[in-house]
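Novice: Please construct the entire structure, taking both the sequences and the accompanying hints into account.
One-letter residues, chain by chain:
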Amino acid sequence: MGRITLEKVQKKFGDVEVIPPLDLEINDGEFVVFVGPSGCGKSTLLRLIAGLEDVSGGQINIDGADATNVPPAKRSLAMVFQSYALYPHMTVRKNIAFPMRMAGMEQAEQNRRIESAAAALNLTDYLDRRPGQLSGGQRQRVAIGRAIVREPAAFLFDEPLSNLDAALRVGMRMEISELHKKLDTTMVYVTHDQVEAMTLADKIVVLRAGHIEQVGSPLDLYRAPRNTFVAGFIGSPKMNLIEGSAAAEHDATTIGIRPEHLDVSKTSGKWQGTVGVAEHLGSDTFIHIHGIEGCDPMTVRAGGEVDAKHGDTIYLTPQVEHLHRFDAQGLRIA
Amino acid sequence: MARAVTTNRKAFNTFLAWTIGFLIFFPILWTILTSFKTEADAIANPPIFLGFDWTLENYGVVMERSNYARFLVNSIVIAGGSTILGLLVAIPAAWSMAFVPSRRTKDILLWMLSTKMLPAVGVLYPIYLLCIQLGVLDSRLAMVVILMLINLPIMVWMLYTYFKEIPVDILEAARMDGATLREELLYILTPMAIPGIASTMLLNFILAWNEAFWTLNLTSVDAAPLTAFIASYSSPEGLFFAKLSAASTMAIAPILILGWFSQKQLVRGLTFGAVK
Numbered sequence: 001m002g003r004i005t006l007e008k009v010q011k012k013f014g015d016v017e018v019i020p021p022l023d024l025e026i027n028d029g030e031f032v033v034f035v036g037p038s039g040c041g042k043s044t045l046l047r048l049i050a051g052l053e054d055v056s057g058g059q060i061n062i063d064g065a066d067a068t069n070v071p072p073a074k075r076s077l078a079m080v081f082q083s084y085a086l087y088p089h090m091t092v093r094k095n096i097a098f099p100m101r102m103a104g105m106e107q108a109e110q111n112r113r114i115e116s117a118a119a120a121l122n123l124t125d126y127l128d129r130r131p132g133q134l135s136g137g138q139r140q141r142v143a144i145g146r147a148i149v150r151e152p153a154a155f156l157f158d159e160p161l162s163n164l165d166a167a168l169r170v171g172m173r174m175e176i177s178e179l180h181k182k183l184d185t186t187m188v189y190v191t192h193d194q195v196e197a198m199t200l201a202d203k204i205v206v207l208r209a210g211h212i213e214q215v216g217s218p219l220d221l222y223r224a225p226r227n228t229f230v231a232g233f234i235g236s237p238k239m240n241l242i243e244g245s246a247a248a249e250h251d252a253t254t255i256g257i258r259p260e261h262l263d264v265s266k267t268s269g270k271w272q273g274t275v276g277v278a279e280h281l282g283s284d285t286f287i288h289i290h291g292i293e294g295c296d297p298m299t300v301r302a303g304g305e306v307d308a309k310h311g312d313t314i315y316l317t318p319q320v321e322h323l324h325r326f327d328a329q330g331l332r333i334a
Numbered sequence: 335m336a337r338a339v340t341t342n343r344k345a346f347n348t349f350l351a352w353t354i355g356f357l358i359f360f361p362i363l364w365t366i367l368t369s370f371k372t373e374a375d376a377i378a379n380p381p382i383f384l385g386f387d388w389t390l391e392n393y394g395v396v397m398e399r400s401n402y403a404r405f406l407v408n409s410i411v412i413a414g415g416s417t418i419l420g421l422l423v424a425i426p427a428a429w430s431m432a433f434v435p436s437r438r439t440k441d442i443l444l445w446m447l448s449t450k451m452l453p454a455v456g457v458l459y460p461i462y463l464l465c466i467q468l469g470v471l472d473s474r475l476a477m478v479v480i481l482m483l484i485n486l487p488i489m490v491w492m493l494y495t496y497f498k499e500i501p502v503d504i505l506e507a508a509r510m511d512g513a514t515l516r517e518e519l520l521y522i523l524t525p526m527a528i529p530g531i532a533s534t535m536l537l538n539f540i541l542a543w544n545e546a547f548w549t550l551n552l553t554s555v556d557a558a559p560l561t562a563f564i565a566s567y568s569s570p571e572g573l574f575f576a577k578l579s580a581a582s583t584m585a586i587a588p589i590l591i592l593g594w595f596s597q598k599q600l601v602r603g604l605t606f607g608a609v610k
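In order, the protein sequence lines correspond to chains L and Y. Numbers 1 to 334, taken from the numbering used here, label the letters of the first sequence in order. Numbers 335 to 610, taken from the numbering used here, label the letters of the second sequence in order.
Do not rely on the hints blindly, as some may be mistaken.
Derived pair list, reagent style SDA-like, types lysine to any residue, alpha-carbon separation capped at 20 Å [what the hints assert, rightly or not]:
| hint | chain 1 | residue 1 | chain 2 | residue 2 |
| --- | --- | --- | --- | --- |
| 1 | L | Lys74 | Y | Leu519 |
| 2 | L | Lys74 | Y | Pro380 |
| 3 | Y | Lys498 | L | His89 |
| 4 | L | Lys94 | Y | Thr514 |
| 5 | L | Lys12 | Y | Val434 |
Sample of chain L residues with no beta-carbon within 12 Å of chain Y, all distances over it, derived [to be verified]:
| hint | residue |
| --- | --- |
| 6 | Gly51 |
| 7 | Pro71 |
| 8 | Arg101 |
| 9 | Ile212 |
| 10 | Ser217 |
| 11 | His250 |
| 12 | Val275 |
| 13 | Lys309 |
Per label pair, the in silico range of CB-to-CB distance [as the list claims (entries may be wrong)]:
| hint | chain 1 | residue 1 | chain 2 | residue 2 | range |
| --- | --- | --- | --- | --- | --- |
| 14 | L | Ser116 | Y | Phe346 | 34 to 40 Å |
| 15 | L | Ser177 | Y | Met451 | 54 to 60 Å |
| 16 | Y | Met451 | L | Gly14 | 30 to 36 Å |
| 17 | L | Ser177 | Y | Glu499 | 32 to 38 Å |
| 18 | L | Gln107 | Y | Val457 | 56 to 62 Å |
| 19 | L | Lys8 | Y | Val457 | 55 to 61 Å |
Hints are computed from structural coordinates only; laboratory data are not their basis. Predicted model, so just to flag it, every value in this text is computed and none were measured. Beta carbons: idealized from backbone N, C-alpha and C, even for Gly.
Specialist: Structure (structure tokens):
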């Protein structure tokens, strides 16, 4: 079981309120991702759940019981840190065994769990090495191994992939996703990378300055962002936000159109602009276009075969059914 | 790409390093050589480097005339005692400054270090009077406490720098893994900090061993360490160079041997904070 409920949870550092009172529900077995720009309070929120920071107000419930003042170790949560936080003076085996040793588990059971975790994470050959002799990806697996042997109610991940190179990151992302499906345990995951959030999450929590901007499934957030912040944050490349007369045409202060919802033509269209940079990725072409009123540059995702060069004139037509409308406060107009 | 260094350049650098090393070591070497000379050879002009009649006479005289063992024991007690006492104070202090810093932590550290910039002689008079008042002049206890206080800023700084290098994440991971504060200190922090504690201990022991200002001024007989032993052989006219050299060699031998065997730790200790 791993149901976590936050009720009016608040955090202040001195006089600075980093997290204003906030409510959130994380269901058992759910994969929840906290996402937001640097300094939005997502890591602080995770540390509050972990118990590594004390709340300034409100209550944290884990499986229905008030855990607000319960020390970290007693919350039956396991955490994976960005820096892996392995014990450098211990072998992989001892690292993985540490939480069980602290819990006073009997040796035979410890060994059984170590072997099974090592097998699941491809670490069997490395059990007698020290963390310093492992690659980044292997270290991350050890950190995950140390978390799973405890059989916790929930896993907490604090930007676990940030220190890995791009290729490894994609691989580890998949491993974490498969681990979640296999264990079916609650996972709370913090990242600033919206691609990680979209690919991993059952539920995304978008944070800005300690406030929850929106909670929903990845596709809910993609299809119906509640405000301009979420609209700009979720989706890659970013949604184009257009102000001025083009927005007024649709009775809105700002309209949003995703790069993939623009039709490109070299001869005619609603908006005319000049190609700044065209990124040819083979499968797609991302074209950054200057000279369109209210949004500069505008980004378009076109097919791989599109031929566009710096300085070309290009015409764009938005697909009206995919247009997002926002009012003067930046809130979505239904 | 690694910086390209030619073989010639390397040879030159090696030569230069050895030359500088030799120049620094030369006075010690000269002292050791002189200790094996007769008093006449010791003041010979031009000086004799190796071609003299080697003799152990000076050592015999020195051993006969003074109780080397007593000075040695005093040195060990004072240097060792002040080091252990210093660690007992410095470890918890550095620990809390590194892991539970307050707004004033940096200021306190700088203020502590600033006390090292004060000329020691400036506080000699009050400390001397205090020792008389407390009846601890020429006592090992007073020397242990005073040398501990003198070196405390350096100990706290060194340990603080080492503890700072231990990532807080690792301590938090231990906390998440169910370690109590005692277990966290015992199984995680101490093993990780041992190299730092060892170099601090070593460096402080050497500093206390070599300390001459306070030991010469505040001891005479009962608590006099090896620094006083050397001083007792120096005379204003410089007539007994060979005997002075023998006494000096005997005084520095223990610390020289200790330093030789712990070079690696010492280098780490002396460059603390500089290499990460």
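Novice: Evaluate each hint against the coordinates.
Specialist: Structure-based check of all given hints:
{"no.": "1", "hint": "Lys74(L) / Leu519(Y)", "verdict": "holds, 19 Å"}
{"no.": "2", "hint": "Lys74(L) / Pro380(Y)", "verdict": "violated, 80 Å"}
{"no.": "3", "hint": "Lys498(Y) / His89(L)", "verdict": "holds, 17 Å"}
{"no.": "4", "hint": "Lys94(L) / Thr514(Y)", "verdict": "holds, 17 Å"}
{"no.": "5", "hint": "Lys12(L) / Val434(Y)", "verdict": "holds, 18 Å"}
{"no.": "6", "hint": "Gly51", "verdict": "violated, 8 Å"}
{"no.": "7", "hint": "Pro71", "verdict": "violated, 8 Å"}
{"no.": "8", "hint": "Arg101", "verdict": "violated, 9 Å"}
{"no.": "9", "hint": "Ile212", "verdict": "holds, 25 Å"}
{"no.": "10", "hint": "Ser217", "verdict": "holds, 29 Å"}
{"no.": "11", "hint": "His250", "verdict": "holds, 49 Å"}
{"no.": "12", "hint": "Val275", "verdict": "holds, 38 Å"}
{"no.": "13", "hint": "Lys309", "verdict": "holds, 36 Å"}
{"no.": "14", "hint": "Ser116(L) / Phe346(Y): 34 to 40 Å", "verdict": "violated, 59 Å"}
{"no.": "15", "hint": "Ser177(L) / Met451(Y): 54 to 60 Å", "verdict": "holds, 59 Å"}
{"no.": "16", "hint": "Met451(Y) / Gly14(L): 30 to 36 Å", "verdict": "holds, 33 Å"}
{"no.": "17", "hint": "Ser177(L) / Glu499(Y): 32 to 38 Å", "verdict": "holds, 35 Å"}
{"no.": "18", "hint": "Gln107(L) / Val457(Y): 56 to 62 Å", "verdict": "holds, 58 Å"}
{"no.": "19", "hint": "Lys8(L) / Val457(Y): 55 to 61 Å", "verdict": "holds, 57 Å"}
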